[in-house]
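Protein chains: 2
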Amino acid sequence: MNLNKLKSKRIKVMEYSALSELLRVTAKPEIISMAGGLPAPEAFPFKIISALNNLVLKKHRSVSLQYGPTNGVLVLRGEIAKWLEERKMKVTSENIGITSGSQGGLDTLGKIFINEGDKIAVESPTYIGAIDAFTSYGPIYEEIKTDYDGVIPESLEKILKNKKVKFVYLVPTFQNPTGRTITWGRRKKIAKIIKKYHVLLVEDDPYNSLRYRGKPIDPIQTLVPENTIYLCTFSKVLAPGLRIGFYAAPKKLADLMVVAKQSVDLHTSSYGQYLAAEYLKTGDLKRHLPNILKIYRFRQEAMFEALEKYLPSGFFWTRPEGGMFVWVTGPKNFDSVKLYWQAIKNNIAYVPGTYFFTKQGEGKNTMRLNFTNVNEEQIDTAVKRLAKVIKNSL
Amino acid sequence: MNLNKLKSKRIKVMEYSALSELLRVTAKPEIISMAGGLPAPEAFPFKIISALNNLVLKKHRSVSLQYGPTNGVLVLRGEIAKWLEERKMKVTSENIGITSGSQGGLDTLGKIFINEGDKIAVESPTYIGAIDAFTSYGPIYEEIKTDYDGVIPESLEKILKNKKVKFVYLVPTFQNPTGRTITWGRRKKIAKIIKKYHVLLVEDDPYNSLRYRGKPIDPIQTLVPENTIYLCTFSKVLAPGLRIGFYAAPKKLADLMVVAKQSVDLHTSSYGQYLAAEYLKTGDLKRHLPNILKIYRFRQEAMFEALEKYLPSGFFWTRPEGGMFVWVTGPKNFDSVKLYWQAIKNNIAYVPGTYFFTKQGEGKNTMRLNFTNVNEEQIDTAVKRLAKVIKNSL
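Note that the protein sequences, when read in sequence, are chains Y and H. Taking this note's numbering, the leading residue of the first sequence gets 410, the next gets one more, and so forth. Taking this note's numbering, the leading residue of the second sequence gets 410, the next gets one more, and so forth.
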């Protein structure tokens, strides 16, 4: 049997991931990794989960272990709708669907909308997991220009005016990879453009709850609910290992998501869904979130301090008010891909920024640093080493 | 925003499911449903799961809640490899991958292999969930003829000789929907044909453990391991709500599955995986399985008795030694789709057999009856009513 002869076109495109090769080495225990996007294990609510395990089995019995509805269990969808009121979103359980992590939502969206060769608009740079999910359906990417305040609305309008785009994919708050947040003023402009061109907005908002200072900014969904599918997840506020994500969408689109999801995995873990539902219903999320924020705020501050202290002149970085990442930009001739193996030799890791761009060769002078899965001491050590490696290369 | 204009070609094909419409009504509490494919809640190992919850959190701590590897956690893959030795399969953890239910494995296979218009060979009739998963990738189905002993090897050979087929999809043991098992003699012939034509076999084996009498028959995988991807699940022996499925495949194909799964859902619930791993490791599965078999054996016998007692002459049914389904065939002019609404009026439900065929209009005189999610008394009542409805229609 010749496996290569049997392969689909799409898997040939997906198969080679230079980034996976790079990241494989970061698993060594001696490496301090600022590469991943992992929450801190210290932030997991162990005792709460242990108590909820008992509650779920006792209260929901066999339903929590049985096959369930493809769009998700009703009690969780209802609790999420209530939760989203805090974000000024007006949705009911009918608008909500549960996905196997946010990734499950992204894949389903690709399945529903992307024919080979269809255009979709994404920020430059953008979230690599979304690129992975969409690429399997063969789209052409249109890159929206960004600056420190996130997406530049005029760049988005230029694309939508000239190209037929299936949807616009944005991570407006504490973006992965840059940490940037689109300002309220720009959100209003973006909403207007989305309406004007009758296009669909995919608003991916996994970091919304991880705000360490400053005031919350309402999702773009609140401005154009009829044109938006809003994605979020329990991965950053409960535990990513449970793989519980969700979306809020106009009823018709929510129903369409269910058709596609049915063929992909029937439904997301019933047990995990009841756990997440009770995490909201009991008020445990509200009680536990401050613990998570406290851990991450100190780590983020340690990251800012270390960058300030060690990085040579010519290097700049974002200063987000939340999220999990800081984005570092070096001088034009700086090459973070080349530097990567030097960093590994010095037992530190990061993600070279170029992998977050859909066009090859862009962003070679950038890198993404994670601060949630390393403690303050490790951050100081890692950034110190990083600065040394950089200085030696200049 | 005009949702219809944005839709992909594939979702338009997937969207209309006549069967979903039919089955929606079966949720009413007054209906005795032989339609679903659900395990009995009485068969769930509550106490064991409760104990395993404590064990998993205590033993695996944060790893059970954190992001995990796409191919699945090592301890579970190792335990599954050991478990499969009972089925005479020679595989190691390197060959095993975890999927989000068997459905996750079927979708990933479609992603890897099916270009639009590619041919795949399936039994006639075949499992409807597989059709759902594959259809989203646009294949052309070649139907393999079957009789009481399952697939007719000569029919398979005729297809492979004349058509370029990407893979052959079979459920050789206690098939869904017919309950039939391919005999050992035929398995050997099928393995020879698979080898001869260098084709891939997808052996879907979710019901393997559910044998109530007779001797186990080894999987076809044991005869052609290099050409087979073997799919199985914890849904029938632990709990379907956890959505833990798995595959065993040659290393290269196992690795390819991982590439595709990465983009679909990153990985399956870590927590669920550790629970399944400990269910095997502690010996709980071995201890609990007899309880499940006892419940189902009595129900299956009750189903056989009721069919014998009530169905008019001209009706025949399979007598499988295990699984979850019995397949009823009526006289040529019998139409189980037409009869369906009469059955619903009499508060019973089944699945009209025609939905398990890939070519429209076939199998109108057949129906699938589930016996695992209804007790002996309900089975007697339901089949009695079914017979009455049938007699009134003839």
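Calculated directly from the structure, the hints in this document are not laboratory data. A few of these clues could be false.
One copy or two, it doesn't matter: identical chains are merged, so the pair holds either way.
No farther apart than 30 Å at their CA atoms in a straight line, the calculated lysine-lysine pairs in the BS3-like style are these [unchecked claim]:
{"id": "1", "residue 1": "Lys703", "residue 2": "Lys718"}
{"id": "2", "residue 1": "Lys604", "residue 2": "Lys797"}
{"id": "3", "residue 1": "Lys468", "residue 2": "Lys437"}
{"id": "4", "residue 1": "Lys741", "residue 2": "Lys624"}
Evaluation of the provided hints:
| no. | hint | result |
| --- | --- | --- |
| 1 | Lys703 / Lys718 | within (23 Å within a copy, 69 Å between copies) |
| 2 | Lys604 / Lys797 | neither (49 Å within a copy, 58 Å between copies) |
| 3 | Lys468 / Lys437 | between (42 Å within a copy, 22 Å between copies) |
| 4 | Lys741 / Lys624 | neither (34 Å within a copy, 71 Å between copies) |
In the structure shown, a violation is registered for the earlier hints numbered 2, 4, in ascending order.
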